[in-house]
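Chemist: Each chain, written out:
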Amino acid sequence: MYLTIEAFFDEADKRYLTGDELKILGRYTLSLPQRLAMYRQIREQELEIFQAIADQLEAKLPQETQENLERSLKTGIASLRQCAMAMLVNDVGLIDDQRRWLLATQANYDCRALDVLLFSLLHQQLERRLTPKQFKFFGLFYQPFQTL
Amino acid sequence: MISVADLLSTSSVVPSNYYTANSYVRSDLDLGILESRSGSRLLAIPDTLIKALYAGLEQETGLAARLVLANCGRWWGKNFYRRFSEELSHYYRQALSELPMAEFVQSLQECWVSHGWGTMDFDAELAESGFLMIKTWHSPFAAQAPQMNRPVCFLDAGIFGFVF
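From first to last, the protein sequence lines stand for chains A and B.
According to this note's numbering, the first sequence is numbered sequentially starting from 1.
According to this note's numbering, the second sequence is numbered sequentially starting from 1.
Simulated from the structure, these hints should not be mistaken for lab results.
Check before you lean on any hint, since a few could be wrong.
[Stated by the list, open to error] Derived Cβ-Cβ restraints for the label pairs, each shown as a range: (1) B/I134 / A/R112: 20 to 28 Å; (2) B/D6 / A/E127: 23 to 31 Å; (3) B/S85 / A/D55: 35 to 43 Å; (4) B/D47 / A/S31: 35 to 43 Å; (5) B/V163 / A/H123: 39 to 47 Å; (6) A/E21 / B/F131: 53 to 61 Å; (7) A/A107 / B/R37: 34 to 42 Å.
[Stated by the list, open to error] Covered by chain B, per the in silico footprint, the following chain A stretches (three or more residues, Cβ under 8 Å): (8) 28-42; (9) 49-55; (10) 68-82; (11) 99-107.
Using N, Cα and C, we set each Cβ at its ideal position, and we do this for glycine too.
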């Protein structure tokens with residue numbers, strides 16, 4: 001969405017926005033309070049979400065090294081932050097680069113199985129902490145990480 | 001037991017893609033400039049200019065054009081690597097030499113993409129013989145090179161020659 005708004009700014013001195021463009025802007029503006037509330041909620045619960053995941057990972061994978069667990073957790077933290085920002089600005093394209101980075105990291109460190117488990121635990125945490133409506137909406141931005 | 005609070009502390013970095021094109025390349029339409037996220041100026045080169053460089057070099061220097069391009073690449077590589085090194089060590093808050101090889105390689109590949117050089121990958125097939133093979137795809141300097149039955153990409157090779 002921010003690219004769309006940026007394009008609006010670029011033409012601000014040339015013309016007024018059309019009716020359709022105003023509708024797009026209006027819809028996004030109306031959805032912004034919910035987006036901000038969800039973003040704030042995820043931001044404030046980041047530590048709790050990932051501590052719960054870290055504890056479960058350690059319990060489920062006792063043989064895994066701390067270095068690998070920490071690396072995957074950090075990547076998961078970065079991915080959720082990116083998803084939250086994509087949701088806030090309504091631009092799912094922001095996730096592509098993070099997903100590509102994640103896939104390359106998996107190939108370099110051979111940690112796909114660990115990441116798959118981490119993201120399934122993250123899925124559970126989000127389902128527990130968000131309302132069903134929020135969870136469904138956030139799924140649009142989080143979905144690319146569920147199909148690693 | 002892993003403490004996520006420690007992972008999130010300021011002394012710890014959450015690794016991600018510093019060179020994501022969405023946030024790495026910034027433009028100012030009014031001023032007509034491109035900048036990186038660290039504020040360094042970026043240069044956009046049209047295909048026509050690349051073609052003209054090839055044509056001009058061929059005419060002025062003939063066969064030495066390849067040597068000139070390779071030397072330009074080395075000079076370009078020197079500055080490219082200095083900037084890459086500054087950006088990455090600042091982002092990861094550690095010297096480039098201390099960075100894990102995987103992060104270094106991934107970042108270099110992403111940097112290569114965001115700078116518009118195409119894509120690249122390493123091939124360790126000849127590592128035992130002491131060679132590091134670097135493969136590139138979608139290089140604009142290869143795409144615009146004169147169509148002759150001989151190697152191209154001397155500029156790219158010059159850059160890699162300096163970096164490695």
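Chemist: Take the hints in turn and mark each one as holding or not.
Modeler: Do the hints match the structure? See the list:
| no. | hint | verdict |
| --- | --- | --- |
| 1 | B/I134 / A/R112: 20 to 28 Å | holds (26 Å) |
| 2 | B/D6 / A/E127: 23 to 31 Å | holds (27 Å) |
| 3 | B/S85 / A/D55: 35 to 43 Å | holds (38 Å) |
| 4 | B/D47 / A/S31: 35 to 43 Å | holds (41 Å) |
| 5 | B/V163 / A/H123: 39 to 47 Å | holds (40 Å) |
| 6 | A/E21 / B/F131: 53 to 61 Å | holds (56 Å) |
| 7 | A/A107 / B/R37: 34 to 42 Å | violated (26 Å) |
| 8 | 28-42 | violated (count 0) |
| 9 | 49-55 | holds (count 4) |
| 10 | 68-82 | holds (count 10) |
| 11 | 99-107 | holds (count 4) |
Checked against the numbered hints above, the structure violates hints 7 and 8; every other hint is satisfied.
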